[in-house]
Structures are given as structure tokens and as C-alpha cells.
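Engineer: The residues making up each chain are set out below.
There are 4 protein chains.
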Amino acid sequence: MVCIYVNYQILKCNKRVCISVLLARFDFTQGILERLDAGEIVIGDGGFVFALEKRGYVKAGPWTPEAAAEYPEAVRQLHREFLRAGSNVMQTFTFYASDDKLENRGHTQRFTGQQINEAACDLAREVANEGDALVAGGVSQTPSYLSCKSENDVKAIFKKQIDVFVKKNVDFLIAEYFEHVEEAEWAVQVLKTTGKPVAATLCIGPEGDLNKVSPGDCAVRLVKAGAQIVGVNCHFDPETCVKTVKMMKAGVEKAGLKAHYMTQPLAFHTPDCNCQGFIDLPEFPFSLEPRILTRWDMQKYAREAYNAGIHYIGGCCGFEPYHTRALAEELAPERGFLPAGSEKHGNWGSGLEMHTKPWVRARARRDYWEKLKPASGRPFCPSMAMPDGWGVTKGHADLMQQKEATSQEQLKALFNKETARC
Amino acid sequence: MVCIYVNYQILKCNKRVCISVLLARFDFTQGILERLDAGEIVIGDGGFVFALEKRGYVKAGPWTPEAAAEYPEAVRQLHREFLRAGSNVMQTFTFYASDDKLENRGHTQRFTGQQINEAACDLAREVANEGDALVAGGVSQTPSYLSCKSENDVKAIFKKQIDVFVKKNVDFLIAEYFEHVEEAEWAVQVLKTTGKPVAATLCIGPEGDLNKVSPGDCAVRLVKAGAQIVGVNCHFDPETCVKTVKMMKAGVEKAGLKAHYMTQPLAFHTPDCNCQGFIDLPEFPFSLEPRILTRWDMQKYAREAYNAGIHYIGGCCGFEPYHTRALAEELAPERGFLPAGSEKHGNWGSGLEMHTKPWVRARARRDYWEKLKPASGRPFCPSMAMPDGWGVTKGHADLMQQKEATSQEQLKALFNKETARC
Amino acid sequence: MVCIYVNYQILKCNKRVCISVLLARFDFTQGILERLDAGEIVIGDGGFVFALEKRGYVKAGPWTPEAAAEYPEAVRQLHREFLRAGSNVMQTFTFYASDDKLENRGHTQRFTGQQINEAACDLAREVANEGDALVAGGVSQTPSYLSCKSENDVKAIFKKQIDVFVKKNVDFLIAEYFEHVEEAEWAVQVLKTTGKPVAATLCIGPEGDLNKVSPGDCAVRLVKAGAQIVGVNCHFDPETCVKTVKMMKAGVEKAGLKAHYMTQPLAFHTPDCNCQGFIDLPEFPFSLEPRILTRWDMQKYAREAYNAGIHYIGGCCGFEPYHTRALAEELAPERGFLPAGSEKHGNWGSGLEMHTKPWVRARARRDYWEKLKPASGRPFCPSMAMPDGWGVTKGHADLMQQKEATSQEQLKALFNKETARC
Amino acid sequence: MVCIYVNYQILKCNKRVCISVLLARFDFTQGILERLDAGEIVIGDGGFVFALEKRGYVKAGPWTPEAAAEYPEAVRQLHREFLRAGSNVMQTFTFYASDDKLENRGHTQRFTGQQINEAACDLAREVANEGDALVAGGVSQTPSYLSCKSENDVKAIFKKQIDVFVKKNVDFLIAEYFEHVEEAEWAVQVLKTTGKPVAATLCIGPEGDLNKVSPGDCAVRLVKAGAQIVGVNCHFDPETCVKTVKMMKAGVEKAGLKAHYMTQPLAFHTPDCNCQGFIDLPEFPFSLEPRILTRWDMQKYAREAYNAGIHYIGGCCGFEPYHTRALAEELAPERGFLPAGSEKHGNWGSGLEMHTKPWVRARARRDYWEKLKPASGRPFCPSMAMPDGWGVTKGHADLMQQKEATSQEQLKALFNKETARC
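Residue numbers (the UniProt record's numbering), protein chains in the order written: chain A, 1 to 422; chain B, 1 to 422; chain C, 1 to 422; chain D, 1 to 422.
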């Protein structure tokens with residue numbers, strides 16, 4: 001694939017010195033490993049389920065990606081926005097697109113799993129070809145694992161998705177959002193059969209996976225299973241994710257192994273999480289708004305991830321295109337160019353120089369935004385929450401998945417349990 | 001125009017009684033006044049500049065709508081999402097699309113004002129025809145007025161936009177986002193020449209316009225100028241806006257006049273605003289995230305607006321499609337139907353019944369979400385801010401608009417002023 | 001009475017210029033009106049019931065002052081601390097020392113009302129004679145008024161306390177803590193019969209008394225009844241109290257009358273109060289700690305009160321001696337001397353210059369403390385609360401006082417009422 | 001010493017069952033070790049320097065206890081209040097009463113160290129004899145150690161204080177407020193020469209002493225040095241202190257040793273501290289008010305400490321007598337009696353049953369206070385702070401103590417350092 005990419009921007013660095021950058025990039029688009037091996041920074045995209053939920057195309061609860069087949073124009077538009085924001089990876093919208101998840105707890109689909117996976121691949125490829133991006137096929141944790149199905153059963157589920165990815169010739173594969181390193185290893189083993197590069201991310205924090213396997217040990221196991229890129233995604237805020245990947249990196253290096261590292265954190269502040277991540281926060285998933293990161297929080301994240309040796313820097317739930325653009329803008333000095341979307345943005349608020357009100361023009365500077373501690377406008381709310389912490393993990397009866405809808409009796413039992421806790 | 005609209009949904013009311021609603025609506029789409037006269041609730045859309053800024057198509061600072069011509073697919077998609085969320089009005093994306101604004105402070109355009117206004121009309125009409133929605137052409141306050149130009153000059157600016165709206169045959173007109181009732185009156189006078197229904201909204205709070213004209217007096221003047229629908233938009237949170245429109249309604253009724261009422265508030269909590277609204281908050285416009293309303297806050301707003309006798313209920317900056325959907329869902333019992341987008345949403349979180357984790361299924365109920373006081377995850381931030389309050393209004397030298405970019409000297413003077421304040 | 005008072009201190013003003021002040025004051029102690037007429041600033045003391053509750057000598061609930069007779073050494077010590085902190089008034093510890101209050105709701109006393117009032121006068125005089133202070137006899141609102149007793153009955157209660165004050169020859173009288181201006185007028189009328197100077201304070205905010213009589217009208221009525229000093233005490237924070245007294249002053253001046261003004265606010269931040277004051281806050285009285293003012297908040301209060309023309313500046317519930325000292329220190333430049341207690345305090349933290357840790361020595365300056373926004377260390381708590389607002393006022397059955405203890409049935413009814421509200 | 005102690009109280013337990021307790025205790029007052037060996041709970045007192053600073057008798061900065069000699073009536077009164085609140089230990093007010101501290105950084109005394117130490121012993125004994133309390137002589141960390149003086153020099157300083165304690169025949173000794181376990185060991189070694197029981201507390205948290213010696217290792221070293229009671233005091237909130245002492249206990253038990261355990265935490269919430277404790281918080285020492293614990297927080301602390309096997313439960317800076325009373329009230333069921341001060345307090349707010357306002361009577365119950373999350377009334381303040389963290393420890397030039405006052409040049413250098421950090 002040949003990509004011709006021209007970009008002209010004025011970069012404004014910390015010292016208020018203006019640097020003009022004329023970029024004419026005539027790249028033969030390279031694979032993910034070639035890029036990372038060459039020391040390039042790869043900007044990932046953001047999470048699709050939350051972004052499309054807000055737009056009306058994904059249902060919170062099942063969180064399944066049937067919109068790829070049902071509402072392709074909405075999915076295509078979101079891909080385009082992330083591309084424009086600077087993403088180098090179009091991840092297929094195939095999160096939870098395994099058959100055992102698509103038909104869980106009364107959820108039924110108008111489309112087969114295969115149709116959804118295929119549609120998602122086509123959309124990702126279509127938009128990737130419009131810019132400098134690769135297509136990544138993604139698989140994620142399965143209800144079957146939580147319900148204690150066998151290794152073979154779980155692997156068969158991954159295999160069905162992989163077959164589509166191979167047929168659609170994605171550029172590389174990502175096994176993401178695993179709470180148990182064991183299931184992630186199984187996924188990596190299946191993905192490796194394709195011969196394509198494999199990335200693997202767990203949704204864990206510094207305390208490790210739900211069996212308390214440490215981040216360092218998790219990473220070593222994933223690398224040994226064949227993953228060339230390892231890291232974390234979802235469940236925690238950027239600060240926690242960078243901290244966790246640092247522990248992974250230390251573990252891999254101590255074991256004498258090598259890998260590339262990635263982070264795809266939430267766009268929500270979660271200093272109050274326990275090991276289960278934001279799922280346990282009382283605000284999940286419908287009252288997380290006060291926790292949403294600003295673009296300046298994102299620039300801080302990009303810098304810290306980069307300083308930690310993480311070169312694949314993306315996002316997950318809560319990311320909107322402007323968050324991703326902030327990552328690309330922060331690292332523009334290192335990368336030498338700004339994303340296309342920066343034509344509608346100035347560095348550190350410099351677009352405000354054009355505002356009609358003088359006191360808003362006075363905010364057109366880094367110093368202002370970097371120091372600001374934004375108010376919540378919610379004086380009756382606390383700043384931190386107590387996570388639920390039910391302590392229910394794989395194998396517990398309440399985690400057994402079922403095809404039928406949750407019954408009223410089942411719900412009532414859960415409501416009582418929740419209320420008793422308070 | 002004939003609209004056939006079929007919708008089947010399960011409404012779940014407070015009492016957990018399930019009500020099935022089968023709707024087959026064969027409507028001849030009626031005008032805005034016929035609807036309001038008949039007691040219908042009209043759901044407005046949300047603000048486009050903030051939503052498209054997050055998606056990468058609008059530049060914060062100038063806040064101009066050239067994307068209507070430049071990136072029509074992005075604007076069309078946002079219209080579609082609001083339609084799907086339940087909006088009955090597709091407002092043309094022509095905010096700040098007057099020539100004096102499009103070429104302000106060094107901002108130059110690849111498209112003429114006329115091209116932008118025409119493109120915006122076409123997009124709104126295209127999507128409106130896909131559902132049960134009207135097209136409203138919108139004009140807003142002008143830099144010319146702030147710079148003390150004459151009544152004739154300001155009216156000529158409105159006239160240019162109106163000419164496009166007439167040519168494109170929009171269904172009705174909105175004069176919105178006026179800080180001074182005088183300028184709004186001028187706008188209404190121009191809009192009235194078209195013979196189309198006219199709505200007028202000020203961006204004011206309970207303290208009145210920037211000349212301290214009270215909400216009641218403002219409303220009376222707008223009605224006398226010919227507006228059939230009056231209210232407020234932008235600048236304040238729903239609570240403040242409903243309070244202000246109540247004062248308008250009381251003023252109009254006291255004067256023995258009649259009108260319909262509308263609110264299009266922010267989707268940000270702003271209890272700490274002064275009369276200038278959220279522009280004065282230190283977080284404007286790049287760190288407002290912690291203030292974003294949840295869907296449950298929106299349901300509360302819809303109910304309070306309706307109880308106050310406001311029947312045109314919409315939104316402004318910060319609204320995402322799910323916010324609008326929440327308005328339509330809250331008022332579904334009164335309206336008898338749910339919006340199309342509710343297929344991907346359950347009332348009061350009932351979609352969570354399908355979640356894999358039992359403690360999240362335990363949140364599938366109104367009582368849980370209604371009582372929750374969401375944490376910010378930001379323990380180092382305050383809950384309220386001190387507004388800037390520079391006290392600069394129409395006629396002040398710093399408010400004079402200029403074609404040239406703000407110079408470095410001008411900026412430096414503003415930066416010093418801002419810093420001295422702290 | 002002759003007072004010889006020598007004080008030598010180094011005042012450190014804003015500009016870091018050191019001013020040595022040698023004071024040898026040979027004063028004939030003058031009366032309260034002579035002082036105020038001469039333009040002197042009079043520093044009041046702080047509230048005794050809250051301070052002694054923390055020390056273990058007052059019971060929250062009845063809030064009665066029997067400790068004056070029971071534990072005189074504890075009351076004497078608190079008087080001494082306020083004197084040392086700079087108070088020019090030793091108010092007799094006779095709050096709620098009326099017979100109808102002393103025997104209310106099952107509360108019985110080992111001492112008669114007369115014994116308590118006499119002991120309180122003796123203690124106040126003993127300590128006042130140790131320094132430059134006057135003795136003020138105080139009466140406060142009565143359960144009888146709330147229970148709709150007649151004017152004669154209520155006045156008779158005041159008369160009993162007054163008789164002691166006359167016998168013990170206090171220097172002036174204060175009618176304080178009235179929620180209804182009518183009862184305060186009755187009190188002033190009784191106090192005036194003594195021929196001593198009379199001050200009168202209501203526990204009201206800007207909304208006026210519980211019958212919605214405005215602060216301005218209240219003040220006019222009190223002045224007309226004969227009070228030479230008027231103002232507010234208790235129920236609200238300093239900011240609110242200064243605002244309220246400003247309204248009183250404007251009312252008195254508009255009526256062509258003359259008076260001196262005083263404030264004795266809480267030492268708690270109460271931005272979230274309604275007209276009933278801090279009694280309605282859910283934290284009253286046992287969880288108010290996070291609201292306690294710092295000494296720097298107090299200096300701000302002293303300055304604002306003084307700037308508003310209030311020259312009798314004291315405190316109420318929550319005040320500890322260091323709060324009062326802060327008032328005296330802030331106004332030392334105007335008064336020309338520091339209080340005795342300042343020997344153990346440096347202006348604006350300058351005592352920290354002697355701290356062993358260098359980073360604490362770095363805090364020995366005004367700029368540091370004035371800008372600091374102190375954290376609560378309570379991330380799970382909100383910053384504002386919703387007041388109770390039961391809307392129960394004089395005459396309501398629940399406000400009828402009774403000699404017998406509140407019964408279990410009565411309590412249960414109240415508990416249910418409170419819980420239903422949440 | 002013979003103590004006859006009669007107390008009659010109504011205990012109200014969780015279940016609202018009333019339990020009458022008639023206590024006639026005819027005790028021969030026993031030593032501290034006999035009590036702890038017998039499984040008794042010993043209630044300590046609170047910190048004197050903070051309490052007396054608020055009352056005007058201690059200067060923040062030097063924090064020295066000359067008031068024992070200068071203002072004995074104020075010190076005696078505070079002892080009495082703690083005794084009345086339930087304290088079984090009257091600790092001599094000899095904190096920082098070593099000669100090298102009394103004459104540090106320009107601080108000079110009118111009294112010799114010996115005079116202060118003797119006066120403090122006399123006051124403690126006088127009040128202890130009024131009730132069921134022991135006298136403990138206390139020594140604390142020295143500027144000499146921070147300035148790298150020799151073991152012999154430092155021990156000589158402790159020896160001077162000890163000589164007074166022996167002469168005055170205190171009941172036992174406490175080495176408290178040590179940041180370095182090494183200095184605490186030296187102190188214990190000196191204290192052991194007296195033959196009296198020895199307690200030793202460090203002002204450390206879970207991260208250990210300033211040389212990163214873990215709590216477990218610290219405790220083992222103190223026990224091996226001869227301390228019979230070990231624990232922590234000051235610097236951290238109760239939650240952190242209990243956690244730290246648990247680690248100490250685990251360390252001692254793992255080493256096969258035996259000890260009794262004590263905690264004397266702050267009465268301030270400090271979840272945001274680093275290893276240096278509240279000294280590093282920006283609010284130290286003059287803006288800590290929003291962090292003050294409520295009485296209910298104290299009851300929680302008492303319960304948790306007791307559950308952790310800590311039987312000597314006291315307090316430090318920030319404690320007022322009502323905080324100590326709350327400890328004694330919480331543990332009244334275990335101890336079988338209430339403190340004398342409870343005559344002015346009802347369990348869990350039951351005194352409010354006598355309040356005049358019905359909605360306050362509705363708060364007369366445990367359930368209300370235990371669930372309340374108290375608001376700060378400070379919407380412009382954060383809930384947590386960033387500690388200073390200068391990383392300056394023993395041996396650093398800035399920590400060298402000097403007899404002369406801190407010079408203006410020294411201050412300026414510190415101010416600059418502090419400002420640069422922000």
C-alpha cells in the first residue's frame with residue numbers, strides 16, 4: 001500500500017517559539033512490527049462501544065457490535081474520525097463478537113457472528129485505505145471462559161473469528177480485554193496460527209489479573225505464548241495503565257525476553273478502583289461523566305506513556321476523537337507531524353486567540369490549561385467512590401452465562417444483594 | 001410531507017409494570033406552531049459546534065460552521081443521530097455563519113457564507129425527510145453588534161442568511177444565542193419579514209441580559225417583536241434555564257400576551273455561573289468534562305421543563321445524542337412513543353440486565369441511578385469555580401472585532417490581565 | 001475602672017515591612033457606647049456552648065449553661081482564653097438560662113436559673129477585671145415564645161434574668177439569638193428598663209427572620225425599640241452575616257435612624273444554608289468539623305466586617321480562642337496593638353520560621369496561607385449539603401415545648417419523617 | 001493509690017435496647033503493665049501542643065511546652081478535661097522539652113528545661129490523683145539527632161529529662177514521636193535505666209521510618225531495646241496508624257517476641273500523606289480544620305484499634321477532649337463503664353432528644369450519624385492535597401538546627417524553593 005500524506009502545520013512548543021513544519025510523507029505503509037522496531041510511535045484508536053453507545057448504536061449491557069452490520073455509516077464515520085485524529089490503527093469493531101456473547105441473556109441478533117465480523121473488517125479496511133493506518137482484527141474475553149468451558153471450547157470460539165480475519169486479510173491481530181491471563185494465552189495461541197503479528201492486552205491493574213498473577217508474570221506468559229506486543233487496555237485510567245505496563249516491561253526484561261508495549265486506557269479518572277477496574281465503580285456505566293479526561297489530561301498521558309517506553313499508545317472506553325488527537329498532538333515533536341484533525345485545533349488552546357471575548361482569548365496558552373484544576377459543578381457529589389467489590393470471580397454461580405434473559409427472580413436477588421451492601 | 005412511523009417498544013414505568021406500546025403513526029407532518037398549539041411536546045436537537053469540535057470538524061475559538069460545506073458526511077451523521085435520538089427539529093448548522101463572523105480575527109474560509117448556509121440547509125432537509133422532523137433556519141448574535149455597528153448594518157447581516165433560508169424553504173426560523181435583547185429584537189424583526197414562524201432564544205440567566213433587562217421584560221419585548229416561541233439557549237445548565245424561562249413566562253402572562261416556550265440549555269452543570277454564563281467559567285471551553293450531565297440529569301431536566309409549561313425542549317453545547325434520547329425517553333409516557341434510538345437503550349438502565357457481571361445487573365433499575373451521586377475521580381479538584389467576571393460588555397475596546405489575527409502584543413496584554421486577577 | 005496595659009509587638013504588614021509597636025495604654029475603661037462612638041473597634045468573644053461542649057461541660061441538645069455553677073473553673077478558663085485572645089467583652093454564660101428552657105423535655109437541673117445566672121455574672125466580672133473588657137449580660141430566645149405564650153409571659157422570663165444582671169451590675173446588655181424580630185423587640189423593651197446600653201442580634205440571614213421580615217425592617221424595629229447596637233449572631237457563616245448586617249445598616253440609614261452594628265457569626269462555612277441557618281444542615285451539630293474556619297478565614301471576615309462599617313466584631317458557635325485572636329490580629333494596624341495571646345503567634349504564620357523542617361519554614365508568609373485552598377482529606381464526602389427544610393415554625397405542634405422527655409413514640413414519628421425525606 | 005469511682009449510666013446499644021449500668025469501682029490503681037496484662041483497655045490522652053495552640057498558650061513553629069511553667073492553670077485545665085473524657089494516662093507536657101529544642105532558631109525561654117519538666121510533672125500528678133489515671137513522663141525526638149550529633153550527645157539530652165521524671169516519680173515512661181527508629185532505640189535504652197515500664201512510639205506510617213525501615217522491623221528493634229509497649233503516634237490519621245501498628249504486631253509476632261500495642265494518631269484525615277506524614281501536607285499546621293475528625297470517626301477508630309488487638313488507645317495532635325470521650329464511649333460495653341464526661345453527652349447523639357427543633361430531635365440516633373457523609377461547606381477547595389515531598393532527611397544542610405533565628409536570606413531561599421515546586 002502506498003500512502004502519500006501531506007501536512008503543513010505550525011507547531012507551538014512550550015517555549016512559545018513557532019516552528020513551521022512542512023511534511024510531505026511518501027510512505028510505503030509498513031507493518032506494525034516494522035514500525036515499532038524502527039522506533040516509531042503508533043497511535044491507537046479509541047473504544048467503539050462507549051462512543052457508539054452515546055451516539056445511539058450500541059446497547060449498554062450486552063455491549064455487542066452488531067452495528068457494524070446494522071448501521072455501517074455510523075461505524076464508518078467513527079473510524080474516519082479516529083483516523084483524522086491521528087490513529088494509525090483501525091481496529092475491527094468486533095469486540096464481544098463471539099457467538100457465545102452475541103446470544104447471551106436474552107440478547108438475540110438479526111445478524112450472524114460471521115456477518116458482523118465480516119462487515120467490521122470491510123469498514124476498517126475501507127477507512128484505513130483513506131490514510132496511514134493498518135487494520136487490526138480483535139478478539140476479546142468470552143462468556144464461555146467465565147462459565148468454565150474447556151480450553152478447546154474457548155479456543156474454538158476464537159477460531160471462528162480468526163477465520164474471518166484471515167479471509168479479510170487484516171494486517172495484524174489483537175487479543176484484548178482479558179481479565180485472566182490464562183484465557184489470553186489461549187487466545188494468543190490461536191491467533192499465532194495465522195502467522196500474523198499478535199498483540200495481547202489484559203484489562204488489569206498493578207494488582208494483576210483476577211487470579212492475582214502479577215503484571216510482570218502475565219506479560220512473560222503472553223510473550224512466551226507468542227505475543228510480540230503486550231500491554232493493558234480498558235478498566236483503568238491512563239495513570240494506572242502506564243504504571244501497570246511499566247511493571248509488565250520490568251517483568252519481561254527481568255526474564256530476558258523482548259517485546260513491544262502498548263496501552264489503551266479508559267478516558268475516565270479511576271483513582272478509586274480496586275482490581276476489577278471501573279466495572280466495580282458505582283458510576284459504571286451510566287454516570288461516569290464527571291470522570292471524563294480533558295484533552296490536557298490526555299497529553300499528559302501520552303507523554304508519560306512515551307517516557308515509559310510504551311510506543312503503541314491508544315485508548316479504550318470513553319475516548320472521543322479529540323482525545324486521540326491530543327495524543328498525536330503531544331507527540332508531534334517526536335513524530336514530526338500533526339494529525340489531519342489538528343487543522344481544527346490549535347496547540348494548547350491557541351485557537352482561542354480567535355475568540356470574540358477577550359477573557360477567553362486570555363486562555364490561549366499552555367500555562368493556563370496545564371495548571372487548571374477543573375471544577376465539577378457538582379457540590380453535592382463526592383470526589384471518590386467505594387467500588388462494589390462483590391468478590392465474584394470465574395466459576396461463581398452468578399457468573400454462569402445463560403441464553404435466556406435474566407429473570408425477575410434473578411434480578412430481585414441481585415437488587416437485594418446490592419442494597420444490603422450500602 | 002407524509003411521514004409513516006412505526007415504533008414498538010416496551011415502556012417500563014417507575015412501578016416496574018411493563019407496558020407494551022405499539023405505535024403506527026401515519027402523520028401528515030405539521031408545522032411547529034400547529035404542533036405546539038395542539039399541546040405536543042417538541043424535542044429539539046443538541047448543539048453542533050461542541051459535538052463536532054470533539055469529532056474534529058469545528059475549531060474552538062472561531063466556532064464557525066464551515067464543516068457544513070467541508071465535511072458534509074460528518075454533519076449529516078450528527079443530524080441523523082439526533083433524529084434517531086428523538087429530535088423533531090433539524091436546525092441548520094448555521095451558527096455564527098454570518099460574514100462578519102466568518103472573517104474575524106484572522107479566520108479565513110475556503111467557502112463563502114452563502115455556500116455554508118446553503119449546504120447546511122440541504123443537510124438538515126435531507127435528514128429531516130428521513131423521519132418526523134422539521135427544518136429550522138438559525139441566526140445568532142453578530143460581532144457587528146458587539147462592535148457597535150448600526151441597526152441597519154446588523155439587520156443586513158441577518159438578511160443575507162434569511163435569503164438562503166427562504167430560498168431553501170426551511171419550515172421555521174430561530175433567532176438564538178443573543179446576549180442583548182435589543183439585537184434579538186432586530187433579528188426577530190428581520191425573520192418576521194419571511195412570513196415563517198419565528199422562535200427567539202436569549203443566552204441569559206435569571207439576572208437577565210447583559211444590560212440587566214430582566215427575563216420577563218426580555219420575553220415581552222421578543223413577543224412584541226413578533227416571536228411566537230420564546231426562551232433561552234446555551235450559557236447555563238438546565239436547572240438555571242428552566243428557572244429563567246419560568247420568569248419569561250410569568251412576564252409574558254403578566255403583560256397579557258401569549259407565547260410558546262422553549263429551552264435549549266447546556267449539558268454542563270453550572271451552578272457557579274454569573275450573568276455571563278459558562279463563558280466566564282475558567283474551564284470554558286477545554287476543561288468542562290467534569291461538568292457533563294448524565295442521562296439521568298437529563299431526564300430530570302425534561303420533567304422539570306415540562307412541568308414548567310415548556311413544550312419545546314432541546315439542548316445546546318455539550319449535548320450528545322444520548323442526552324437528547326434521555327429527554328425523549330423521560331417524556332415517552334406523555335408522548336406515547338419512544339425514539340428510534342431507544343432500541344439500543346433500556347429505560348433507567350434496564351439494558352444492564354444483560355450484563356455479564358452480576359453486580360452490574362444489580363444496577364438495572366431506576367432507584368439505583370436516581371439516587372447515585374456520581375464521584376468525579378478528581379480528588380485534587382474543587383467542585384465549584386470562580387467565574388472570570390471581567391465586566392467587559394458591548395462597546396468595550398477589547399470587544400471590538402477585527403479582521404486581522406489577534407497580535408502577540410494584544411495577547412500579552414490579555415495574559416497579564418488574566419494572571420493579575422488570580 | 002483603671003486599666004494599665006502594656007504590649008510590645010512586631011507587626012508585619014503585607015509589604016513585609018517590619019513595624020515595631022510599643023504600647024503603653026493607660027486607659028480608664030470606657031463603656032461600650034463611648035467606645036463605639038469614639039470609633040473604636042470592639043472585639044467580641046466566641047460562643048460558649050459549642051466550645052464547652054467539646055471540652056465536656058455542656059450537653060448538646062439542651063445546650064444549657066449550668067456549667068457556670070457546676071464547673072466554674074472550666075468556664076473561667078474559657079473566659080480567660082478569649083480575654084487573652086483580644087476580646088473586649090466578657091459575655092455572661094447565660095445563653096438559654098431562662099427557667100422555661102432549663103426544664104424542657106426532661107432536662108432537670110441541680111441549680112436554679114437564678115444560681116446559674118449569678119454564677120455566670122461573677123465569672124465574667126472576675127475575668128473582665130483581669131484585662132480591658134466589659135461585662136455583657138445576655139438573654140436569648142425562649143421556648144415560651146415558640147410555644148405561643150403571651151407577650152407578658154415571655155417578658156416575665158426575660159425580667160427574671162435581667163434582675164440578676166442589674167444586681168450584679170453588668171456593663172451592658174445583649175438580646176441575642178432571636179429568630180423572630182417580634183420576640184427580640186419584647187426582649188429589648190425589657191432590657192431598656194434597666195437604663196443600661198442595649199445590643200440586639202437576630203440569628204437571621206439575608207432572607208430575614210422566620211416570618212420573612214427583611215433584615216432592614218428588622219433592624220429598624222430593633223432600633224425603634226431602643227437598641228443602640230444591632231446586628232446578627234449565630235446560624236450563618238461570617239460572609240453571610242456581614243452581608244446581612246449590611247442590609248440592616250442600609251435599612252436603618254434609609255429610615256433616617258442611627259445605630260452601631262455588630263456581628264457574631266459561626267466559625268463554620270455555611271454557603272448551603274436556607275433561612276433557618278445551620279440548624280437545618282444535616283451535619284448539625286455533631287459533624288460540622290469539615291466546615292470549621294481557619295484563622296485566615298477569620299482575618300478575611302474581620303477585614304470585611306470592618307470595611308462594611310461594623311465595629312463590634314465577635315463570634316458565636318465554633319469559635320475557639322485562636323479564631324478571636326485572628327480578628328484582633330487582622331485589625332491590629334487599625335487598633336494600634338495586638339492581643340496578649342499574640343505572644344504565642346506570629347503574624348501570618350511567621351512563627352513557622354522557627355520550625356525544624358525547612359519546607360514548613362517556607363510557609364512562614366502571608367502569600368502562602370492566603371492563597372491556599374485547604375483540602376478536606378475526605379474524598380468520599382460532598383462539599384455542600386441539602387438543608388432539611390421541614391418548614392416548621394412558631395406555632396407548629398412539633399415546636400410546642402414540654403417539660404417531659406421526648407417519648408419513644410414522639411421520636412419514632414420524627415425518625416420516620418426524616419427518613420421519608422431522603 | 002486507692003481510687004473509688006462510681007458511675008451510673010444508661011448505655012444505648014445498636015439495637016436500641018437500653019442497658020443500665022451501675023458501676024461501683026473500688027480499684028487499687030494498678031500500673032500500666034498490670035492493666036494491659038490483665039486485658040484492660042487503656043485510654044490515652046490527646047496531644048497538648050495543638051490543643052493549647054488553639055487556646056493561646058503554645059506557639060506553632062517551635063511547639064515547645066513552656067506553658068507548663070508559664071500558664072499552669074491552662075495546662076491543668078486541659079489535663080482535667082482529658083481525665084473527665086476518660087483518659088487513664090496523664091502524659092507530662094514535656095514534648096520537645098529538651099534543652100537543644102528549647103533554644104533553637106532564635107527561640108529563647110524564660111524558664112529552664114528543668115523548670116518546665118518539673119512543672120509538667122507536678123501538673124500531671126495533681127490531676128491524675130483526681131481520678132483513675134497514671135502519670136507518664138515523655139521524651140521525643142531531638143534536633144541534635146537531625147543535626148547528626150553523636151549517640152552519646154543525644155542520649156545525654158534524654159538523660160536530663162529522665163532525671164526529672166525519676167525525681168518526680170512518674171508511673172511509666174514514653175519515648176514518642178520518633179521519625180528514625182535508631183533514635184528511638186537510643187531513647188528506650190536511656191529510659192530503661194530507670195527500671196520503670198517503657199512505651200515507645202514512632203511517628204511513621206506503613207512505609208516505615210525515614211530510612212525505610214519497615215514497621216515490623218522497627219517494632220522488633222524497639223522491643224529488643226526494652227520497650228514493653230510499642231506503636232505509633234502523630235503524623236497520620238487513625239486509619240493509617242491502626243494499619244501501621246498491625247504491621248508492627250505482625251513483625252513482633254513473627255520474630256517470636258511479645259509486646260503490648262498502642263496508637264496515638266492525629267485527629268485529622270490524612271489519606272493523601274506520604275511517608276513524612278501531615279508535616280508535608282500543604283495545610284500543616286494552620287489550615288487543617290477541614291480534616292478534623294468527628295466524634296463518630298473516633299468511635300470507628302476505637303473499634304478498629306480494639307479489633308486489631310491494640311489496647312492502649314489514645315490520640316495526638318488535633319484531639320480535643322470530646323474526641324477522647326468518643327473513644328471511651330465506643331469501648332464502654334467492653335470496659336463496663338462510661339467516662340465522667342458522658343454526663344454531658346448521650347450515646348450516638350441521644351442528647352438531641354432534648355433539642356427544641358423537631359428535625360434535630362430526628363437526628364438522635366446512631367443510624368443517622370453513622371451514615372452521614374459530612375459536607376465541607378467549601379466548594380472551591382479540593383478533597384485531597386499533594387504533599388510537599390522535599391525529600392530532605394537527617395543530615396541535609398537545611399535540617400541542621402541553629403540557635404540563631406532563621407535569617408531573611410535563609411527564608412528567601414526557602415520561599416523560592418517552595419514556589420518553584422508549584
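Don't read these hints as lab results, they were simulated from the structure. Heads up, a few of these hints could be off.
Where chains are identical, the list cannot tell them apart; a pair therefore holds if satisfied intra-copy or between any two copies.
Unchecked claim - Calculated pairs, PhoX-like style, for lysine-lysine (alpha carbon to alpha carbon, straight line, at most 25 Å): (1) K258 x K54; (2) K212 x K243; (3) K155 x K357; (4) K254 x K160; (5) K371 x K196; (6) K159 x K373; (7) K417 x K371; (8) K417 x K192; (9) K212 x K246; (10) K159 x K254; (11) K357 x K246; (12) K258 x K160; (13) K258 x K371; (14) K412 x K160.
As the structure is a computational prediction, the values presented were derived from the model and not from experiment.
Engineer: Next step is simple, just say for each hint if it's right about the structure.
Structural biologist: Verification of the hints:
no. : hint        : in the structure
1   : K258 x K54  : neither (39 Å within a copy, 37 Å between copies)
2   : K212 x K243 : both (16 Å within a copy, 22 Å between copies)
3   : K155 x K357 : between (59 Å within a copy, 22 Å between copies)
4   : K254 x K160 : neither (36 Å within a copy, 54 Å between copies)
5   : K371 x K196 : neither (44 Å within a copy, 49 Å between copies)
6   : K159 x K373 : neither (48 Å within a copy, 43 Å between copies)
7   : K417 x K371 : between (43 Å within a copy, 17 Å between copies)
8   : K417 x K192 : neither (42 Å within a copy, 55 Å between copies)
9   : K212 x K246 : both (17 Å within a copy, 23 Å between copies)
10  : K159 x K254 : neither (32 Å within a copy, 51 Å between copies)
11  : K357 x K246 : neither (44 Å within a copy, 29 Å between copies)
12  : K258 x K160 : neither (30 Å within a copy, 62 Å between copies)
13  : K258 x K371 : neither (38 Å within a copy, 49 Å between copies)
14  : K412 x K160 : neither (36 Å within a copy, 61 Å between copies)
Hints 1, 4, 5, 6, 8, 10, 11, 12, 13 and 14 from the list above are not met by this structure, while the remaining hints are.
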